[in-house]
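Q: Chains as they are written, first to last, in the numbering used here: chain R, 10 to 425; chain U, 10 to 425.
Honestly, the hints are just simulated from the structure, not real lab data.
A few of these clues could be false.
Pairs involving identical chains hold if they fit within one copy or between any two copies, as the list cannot separate such chains.
List time: in silico DSBU-like cross-link candidates among lysine-lysine, alpha-carbon distance up to 35 Å [as the list claims (entries may be wrong)]: (1) Lys155 x Lys372; (2) Lys222 x Lys155; (3) Lys339 x Lys230; (4) Lys91 x Lys230; (5) Lys339 x Lys222; (6) Lys159 x Lys372; (7) Lys155 x Lys339; (8) Lys222 x Lys91; (9) Lys339 x Lys159; (10) Lys91 x Lys339; (11) Lys91 x Lys372; (12) Lys230 x Lys155; (13) Lys372 x Lys339; (14) Lys91 x Lys155.
Keep in mind that this is a model prediction, so the values were computed, not measured.
What follows is each chain in one-letter form.
There are 2 protein chains.
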Amino acid sequence: MGHLRQKPKPETRAAAFRKGFAVISRDVDTPKQGGGETPTPAPFSFRLLASDGHARRGEIATAHGPVATPAFMAVGTQATVKGLTSEAVRATGADIVLANTYHLMLRPGAERVAALGGLHRFMHWPWAILTDSGGFQVMSLAELRKVEDKGVTFRSHLDGATVELSPERAIEIQNLLGADIAMQLDECLALPAPRPELERAMRLSLAWAERSKRAFEAAPKERALFGIVQGGDDLQLRMASARSLVAVGFHGYAIGGLAVGEPQEVMLRTVAEVAPALPADRPRYLMGVGTPEDLVEAVARGIDMFDCVLPTRNGRHGLAFTRFGPINLKNARHAGDPRPLDEGSACPAARDYSRAYLHHLVKANEMLGAILLTTVNLSYYQELMAGMRAAIAAGTFAEFRAAASEGWARGDVASA
Amino acid sequence: MGHLRQKPKPETRAAAFRKGFAVISRDVDTPKQGGGETPTPAPFSFRLLASDGHARRGEIATAHGPVATPAFMAVGTQATVKGLTSEAVRATGADIVLANTYHLMLRPGAERVAALGGLHRFMHWPWAILTDSGGFQVMSLAELRKVEDKGVTFRSHLDGATVELSPERAIEIQNLLGADIAMQLDECLALPAPRPELERAMRLSLAWAERSKRAFEAAPKERALFGIVQGGDDLQLRMASARSLVAVGFHGYAIGGLAVGEPQEVMLRTVAEVAPALPADRPRYLMGVGTPEDLVEAVARGIDMFDCVLPTRNGRHGLAFTRFGPINLKNARHAGDPRPLDEGSACPAARDYSRAYLHHLVKANEMLGAILLTTVNLSYYQELMAGMRAAIAAGTFAEFRAAASEGWARGDVASA
């Protein structure tokens with residue numbers, strides 16, 4: 010499991026972080042002068058560095074630094090990964106975070122973020138950012154929504170105001186935020202859903218994909234737009250969606266509408282069918298997934314990118330993800346346990362605090378409990394991704410997958 | 010204002026922090042072997058290094074590192090300064106934190122903390138810790154309390170269980186926690202209060218002081234016990250209390266029962282009378298105080314140590330303390346303000362984030378808002394203490410006091 014431990018040294022990260030902030034400053038502060046040198050941001054690109062079976066090791070270049078793939082994106086819904094400073098997020102090993110267009114368009118507003126220099130500067134995160142299109146949250150959070158061909162109308166969950174979101178407006182908002190990777194507006198259904206409904210939503214998402222692409226032509230050239238494959242658990246619809254999106258042409262392709270109620274095997278079967286239908290030279294992003302096992306199994310089927318609230322949300326609720334499976338710190342058995350969560354971890358939060366202390370913090374509803382467990386979980390997720398990347402490069406992904414699975418099955422060992 | 014900026018470099022602090030943790034490990038891990046060297050912890054001591062008027066610059070030595078005075082102690086009620094890791098607390102410039110005996114005796118329990126290696130190890134804080142006696146919280150938080158000569162009986166605010174706290178048990182608990190500085194059990198009244206009540210509580214506190222001292226004889230020799238001057242706003246009672254406590258003899262002396270409802274001038278007058286009656290070679294601690302102005306004015310009257318929830322609690326509620334007075338980040342005027350709170354601050358949280366972002370976090374009820382503002386406030390408090398220490402040493406305390414006061418009076422300047 011030595012490859013699980015490959016992290017840059019703290020000094021290196023800190024220096025890199027400072028360099029990263031120099032990038033933000035350049036974005037915002039440096040007026041482009043006629044006589045001077047105008048730095049050209051690196052254009053978005055994806056290089057496939059190695060394969061092992063269907064598993065892929067790659068690198069995405071963005072104007073805000075490289076993203077090693079397979080990559081996990083922590084969710085920073087309201088321009089903050091809940092409970093962590095951006096330095097702390099970076100220290101977990103993150104190259105990229107996700108921010109939610111739906112939340113940010115309502116508060117503080119995309120135009121306001123743009124006026125303040127863009128989302129990277131706003132949230133003091135100089136590395137890559139992907140924004141979703143807002144579609145998923147409109148479906149799950151907003152009230153009185155009406156889906157039409159032109160777009161979706163809904164009431165804000167904050168103040169009840171009526172808001173319209175079209176494919177074009179979703180792109181405009183993401184451009185105002187300054188996302189390195191923007192997502193098309195799509196319609197995502199919960200599963201199970203009847204086939205006609207799945208087909209209608211898939212066709213609508215496809216039409217919106219084309220309009221999104223046209224709208225995105227005005228975006229700065231270094232940024233990327235991803236299309237989203239829909240079609241629910243119907244493989245025929247999924248393949249039709251994938252083929253049509255590829256014909257339109259995007260910088261990358263997401264598989265949406267999974268992890269929305271279906272069994273894991275249905276999700277993995279869909280991924281296994283759809284991934285090979287997507288271009289090998291573009292990143293593939295499985296949206297909203299998942300558990301550590303989901304990540305490994307989806308990488309085994311050709312996925313390069315993930316986002317999920319599990320490590321952050323569960324961390325806030327007392328659950329730690331570790332090499333030996335999840336550990337519920339609320340459980341009274343930890344109350345007197347002097348052991349750290351994982352003394353072999355590269356994450357200080359997993360090494361420096363006893364389970365007894367974490368239990369105490371969780372029971373006492375102390376912020377620090379949420380902070381430490383969020384840190385532990387994101388670090389473990391990043392460690393898992395780094396382990397997969399190293400294993401794919403070394404051609405030992407099968408062994409890594411078996412070892413990871415064995416660790417989770419072993420489970421947490423009770424105190425002696 | 011150059012002396013406001015004197016902070017060790019981050020590298021130095023980090024190295025010192027690691028050394029500090031080696032101290033924790035030594036406390037707990039190293040069995041005392043017959044043939045080997047037994048490290049003797051430094052005994053508690055206080056050195057007066059300089060005076061400027063009544064203001065004093067000193068240093069307390071403890072088994073967990075030195076405490077430069079005048080010192081501000083952040084409040085870590087439940088074995089955590091709310092929202093900050095111990096590394097982050099240290100980075101604000103703190104040498105010492107306060108923990109609450111009342112909360113910790115109820116959860117997780119003093120015996121449990123002792124079994125886990127003591128409070129320093131439990132909360133991963135290798136530096137000095139002062140614990141209060143629990144008396145103040147019994148009076149303010151617990152229900153159905155009964156105060157008798159033998160001690161106080163109350164119902165836990167957590168589960169309603171009946172708990173007894175005597176002067177002897179308060180010392181036992183603080184020894185189990187492993188506090189570098191323990192406080193005697195006292196009775197603290199809210200002001201205004203009738204004189205007979207003030208006198209009764211002062212006499213009771215005095216009797217408890219003597220019993221506390223006897224009970225403390227069993228404590229490890231490197232630890233310290235402070236007596237607490239009571240007597241409310243009655244100067245005669247205060248002086249009687251101070252004289253009697255000095256006759257008993259303690260490592261340091263606290264002034265309790267202030268900042269409990271009286272006007273600032275009453276508090277400062279009491280401090281001005283009581284402080285000179287306390288031995289010059291022992292630290293003087295004003296409990297539960299205060300605002301930045303309170304701190305400067307109390308130092309001017311001879312106080313060496315403070316604790317207060319203001320910087321942490323107000324930080325959680327959207328208020329920043331700065332050189333230019335308090336700034337309420339909830340206020341809508343900050344929504345589009347790109348300026349940091351104080352670009353001249355040594356605290357990254359005050360420099361790296363716009364007021365607009367802090368406003369957004371506070372409005373969105375994001376943990377990071379509380380975290381950043383708590384960091385800003387504790388850093389400002391520590392900067393203020395460091396500034397006072399430097400000024401006293403330089404003989405320029407009067408100028409410092411005037412300049413600080415001028416900054417607060419100037420107020421926060423609105424965005425252009």
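Q: Does each hint fit the structure? Answer for all of them.
A: Against the structure, the hints:
{"no.": "1", "hint": "Lys155 x Lys372", "result": "between (42 Å within a copy, 28 Å between copies)"}
{"no.": "2", "hint": "Lys222 x Lys155", "result": "within (23 Å within a copy, 73 Å between copies)"}
{"no.": "3", "hint": "Lys339 x Lys230", "result": "neither (49 Å within a copy, 38 Å between copies)"}
{"no.": "4", "hint": "Lys91 x Lys230", "result": "within (31 Å within a copy, 44 Å between copies)"}
{"no.": "5", "hint": "Lys339 x Lys222", "result": "neither (47 Å within a copy, 39 Å between copies)"}
{"no.": "6", "hint": "Lys159 x Lys372", "result": "between (49 Å within a copy, 32 Å between copies)"}
{"no.": "7", "hint": "Lys155 x Lys339", "result": "between (41 Å within a copy, 34 Å between copies)"}
{"no.": "8", "hint": "Lys222 x Lys91", "result": "within (32 Å within a copy, 47 Å between copies)"}
{"no.": "9", "hint": "Lys339 x Lys159", "result": "neither (47 Å within a copy, 37 Å between copies)"}
{"no.": "10", "hint": "Lys91 x Lys339", "result": "both (20 Å within a copy, 19 Å between copies)"}
{"no.": "11", "hint": "Lys91 x Lys372", "result": "both (19 Å within a copy, 14 Å between copies)"}
{"no.": "12", "hint": "Lys230 x Lys155", "result": "within (33 Å within a copy, 73 Å between copies)"}
{"no.": "13", "hint": "Lys372 x Lys339", "result": "both (7 Å within a copy, 29 Å between copies)"}
{"no.": "14", "hint": "Lys91 x Lys155", "result": "within (30 Å within a copy, 43 Å between copies)"}
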